[in-house]
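S.K.: Position chain B against the provided structure of chain A, taking the given hints into account.
Protein chains in written order, with numbering that gives the first Met the number 0: chain A, 0 to 384; chain B, 0 to 321.
Mixed in with the good hints, there may be bad ones.
[As the list claims (entries may be wrong)] Derived lysine to any residue pairs resembling SDA-like cross-links, with alpha carbons at most 20 Å apart:
hint, chain 1, residue 1, chain 2, residue 2
1, A, K309, A, E269
2, B, K178, B, K313
3, B, K295, A, K309
4, A, K305, A, T278
5, A, K258, A, T278
6, B, K178, A, I59
7, B, K69, B, Q38
8, A, K214, A, Y76
9, B, K293, B, Q304
10, B, K283, B, S234
11, B, K295, A, I59
12, B, K178, A, M61
For the record, the hints were derived by calculation from the structure and aren't laboratory data.
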Amino acid sequence: MEKRNKTTLSGKHFLSGDLACAEGAIAAGCRFFGGYPITPATEIAERMARRLPEVDGVYIQMEDEIGSIAAVIGASYTGKKAMTATSGPGFSLMQENIGLAVMTEAPLVIVNIMRGGPSTGQPTMPGQQDVMQARWGSHGDYEIIAIAPSSVQEMFDLTIECFNLAETYRVPVLLLADEIIGHMWEKVEIPPREEITIINRKKPKAQPKEYKPFKPAKNLVPPMACFGEGYRFHATGLTHDEDGKPQTVSVEEQNKLVKRLCDKIRKNAEDIIKVEEVTLEDAEVAVIAYGITSRAALSAVRKARKKKIKAGLLRLITIWPFPGKLVAEIAGKVKAIIVPEMNYGQLVREVERAAKTTPVFLLSKLGEEPHRPAEIVSAIEEVLK
Amino acid sequence: MVATISWKFTAREIAEKPELFTSGHRACAGCGPAIALRQIMKATRGPTIVTNATGCMEVVSTIYPYTAWKVPWIHTAFENAAANASGIEAALKAMKRKRRLKQEKVDVIAFAGDGGTFDIGIQALSGAAERGHDFLYVLYDNEAYMNTGIQRSGGTPHGASTTTSPGGTDIPGKTQMKKPIADIMVAHEIPYVATASIAYWQDLLIKARKGLEAEGPAFLHVFAPCPRGWRYDTSKTIELARLAVETCIFPLWEAIDSEYSLSPQSKIMTLKPERRKDVREYLKMQRRFGHLFKPKFEHVLTDIQKIIDKRWNKLLKKCSMT
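Bound-form chain A, shown alone (with noise of 0.2 Å):
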């Protein structure tokens, strides 16, 4: 049968932030979803389960979110790109497993398009609310990668950058969006295939007697081999040396491995954040903003300037790590930091501890409504006073 060429989109395409985020993948090289559905998450397990038999790929719905993730993590293992897509209570149920991918150093890639909670609390809703969920869920010491998209180009771009970061890092790598990104509809370029950086994981190089499966390479992250490639490993859960056997009373191997762990993550911080950042310069004011209460900060910092008030905007894309550097350094120049959140203070704990004495103001919302750019100038105006 001739097989059909429905491989990667490119071209202008109409999209929402789930669909886009599906595409993303695909042309990410992503071949396994383990799906289940989720308010307001569902679309991208629909567009993949009728995209990915087009590309050879597997869409399977698992019977919860543990199964997801645990099958992603089968399937990455098994040397398939992978990944899955959830939301806030699904987010929860996938955090034993998420620990577990952080100890085998299983590269994948899971979508949390953050509703309102705690709880089921509000499906349909946005939130910015599984921020601090993200880096903390699982239990244990581990560092993690998050990243957060403000538009639905971005939830093509940065999906594949999400596949990018782990494959070069072995490690989960979180897409952050909340509910109206991953809603709303917008034009999406999509360039050429070849146009598109593609990074897949270290294979090892040693031959398969000497091959250690958690031998760190200079950038602390190890070659993998993958099930059926002809090495032999263990991999484990359990604290383990570098041949991947337990170690589960050697207070120098746990001390080795969840050093390595978190380390791999950030002493390679500088290579992994990405910001953006608008008339920072001179600002007296700086607002930190990431997703869709970004774009509101952008329309505010510019009607700032319009008023020729000082104002500033740093853009998280990548959360965590977080660039504690940069917000200590423009921490330095400002007189005061503002961090509009869609939750209760959960980022600007991050922003208060790299700011030291510089004061920083939560702009806490709730609910239905993003910010609007009103508030934020107001806020502006009110902390110069």
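M.R.: Chain B alone, transformed into the frame defined by chain A:
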């Protein structure tokens, strides 16, 4: 043991009994599960506490600040209606032991859809059955995740098109079978398991009551069509619920202490096989099976008939009808 008293539940009796699941909820026109809930609440015998897993019925019945429930009602997470019911039942027991319960007897009903039962909720359900909590678990089965917009579940039948098992030019909808959930519950050796259809309201009410009377866990699998998800005219809900029984795609039976017996509506199909209808008649009415009527998927229709026959014959054996 299930008490052997029989209840008639005449139309008059039912009409006289106050509604515990009232009108004013926001279910779609022709919603099968809403009918199931209303009927089952008519079978209660006294004070009753309801726990409801996430799903259509939870959403439509309690849109703040309104509620359709005239009984104490709690919304639990998607995966653990049975675990939540276990807690309620155990607490009631403890309160009774300490003589702090005013009522002589308080019943507990857990309502969950097919997603909340076949898939994410089966662990909690199995655990509650094993521990032997005295409650009635009602599965209202509309054969997909309708609340999130028609995704396939373990309860979706073979060949049905859903948004995550789309029927296309190459793939004929869901390629797997429907999980035999009620049989799985019988295997737990609980006192009462039954299947029912909203088309046969008297049978449904009697079975719900038997489930409440049973001392220990009871499981009721109620067939409840969904016009939105199955894509049929909203006036055809009851007709489809009846056809499912008449075509033997959803036979009615009960198992008391694991002893299977066919209910009259299905028993008649063995006594008068000419009454049994062609499954195509049932499938044709629903656009979720529309793609199967293309010549390309002719074989899927045959497969569906084979699955029905195989399961029907198995059931007859279990009911010692062969």
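S.K.: Compare the structure with each hint and give your call.
M.R.: We went through each hint and held it up to the structure:
1. A:K309 - A:E269: Judged against 20 Å, a Cα distance of about 28 Å means the pair is violated.
2. B:K178 - B:K313: Holds. K178 (chain B) to K313 (chain B) sits at ~15 Å (cutoff 20 Å).
3. B:K295 - A:K309: Violated: K295 (chain B) and K309 (chain A) sit about 68 Å apart, past 20 Å.
4. A:K305 - A:T278: holds, 12 Å
5. A:K258 - A:T278: violated, 37 Å
6. B:K178 - A:I59: holds, 16 Å
7. B:K69 - B:Q38: holds, 14 Å
8. A:K214 - A:Y76: Measuring from Cα to Cα gives roughly 17 Å; hence the hint holds.
9. B:K293 - B:Q304: holds, 16 Å
10. B:K283 - B:S234: holds, 15 Å
11. B:K295 - A:I59: violated, 24 Å
12. B:K178 - A:M61: holds, 14 Å
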